[in-house]
Structure formats: structure tokens, C-alpha cells
Amino acid sequence: MSTLESQDSIFAKKEIDAALGLKLIYKAKTIEDIKAVSSLTAGLWNELFINKNTYNEMINSGSMYTMKSKELQKKINKYYNLVEAHVEYIRSVNDEQSALWTLEPSMYPAKFLLSQLENPRMDIKQIDTTWINNPKSATYLAFDNYLNSNQEVNNVYRRKVFKRILTAAYSLFMDIEKELESRK
1 MSTLESQDSI FAKKEIDAAL GLKLIYKAKT IEDIKAVSSL TAGLWNELFI NKNTYNEMIN
61 SGSMYTMKSK ELQKKINKYY NLVEAHVEYI RSVNDEQSAL WTLEPSMYPA KFLLSQLENP
121 RMDIKQIDTT WINNPKSATY LAFDNYLNSN QEVNNVYRRK VFKRILTAAY SLFMDIEKEL
181 ESRK
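In the working numbering, the protein residues as written are 1 to 184.
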């Protein structure tokens, strides 16, 4: 449970940071502002890693079916099916966001600028930054769309999904505790 709770805290921080980055994009006037926006909004979702070793061992050894509570067996299976569905969802969203970032031609000036910020041999003044703080620019609009999509589709929805997993994990934990108590 503590691993899930700490993962939720990380997701909450990303959501808050990305919301701040979205506010900053509308005020951004300089390369440094865009760098700050990027650092606050960067990254795809973290993969969701749930240790399934015990579950797999229970299935493979048949010990899953020695439980007194058939309802608990169903809940355990349901929980891991829920987790697996969300793992696949996270992967698909990561792929979609990556494609939005990679394949949208209007994003190229923003991507190039961000990729060159730490390059000591690049004269940043030579890079087109006319799109910064220019809502009529295709690059600005594409960058804004990407950031908003990342926040709404990824961060906000991810927290809702993860809360479902956390709630299901807590409920399952309590049910397992009851099962163990009944064996004493």
C-alpha cells in the first residue's frame, strides 16, 4: 500500500506542476520562460508497476483456489485485471502523447528549441523563437494544445484512475486481512 500511496503523491505533484506550467505558457515571453514551462510539464506518465509475483505464484501453484472465500478469489482477480487494464491504458496514452509531440510538424520549432537549450555549441539566438507568446503562431498553438492535452488527458485522468486502483487495493487488503483472521 505504501508504494501505491507514494506513487499517487508523485502523480499529484506532476499534476500540480503541469497546471502551473499551463499558467506560465500564457505569460511566457522568453526562452527561459519556455524552459520553465517545459520542466514543469515534461514527461510522459510513469509506467504503473504493480508487483504481481505473489499473485502469479498463487495462480501457478493453485493456492489461490484453497482460499475459503470464493468472493475473495474473485476480488483478487478483479483487482489485478483492473490494474492490467490501466497499465495498458497508460501505455496507449503515452504512445498518443509521444506521437502528438513527435509527429506534429508545427511542434518542430518548439522541440528544436527545447532540445538545444543545454547544447553549449548552439547559439540560441539563432533559433526561431517568434512563436513564443504569439497565440497566432502554429507552433504556439501546437505547443499549447500538447500541454493542455497532457494535463487533461494524462494528469487529471491518471489521478482519477489511480485513485480507483488505490481504493481497490485498500479494499482488497482489508478483505485479505479478514480472510487471514478467519484462519486463526
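Possibly wrong hints are sitting among the right ones.
Here are the computed distance ranges between Cβ atoms for each label pair [as the list claims (entries may be wrong)]:
#, residue 1, residue 2, range
1, TYR65, ASP8, 25 to 33 Å
2, SER106, GLU71, 14 to 22 Å
3, ALA85, GLU179, 53 to 61 Å
4, ALA36, GLU181, 46 to 54 Å
Note that these hints are calculated values from the structure, not bench results. Being a predicted model, the structure only gives us computed values, none of them experimental. We put the CB at the ideal spot given by N, CA and C, even for glycine.
Earlier hints that do not hold, by number: Hints 2, 3 not satisfied by this model.
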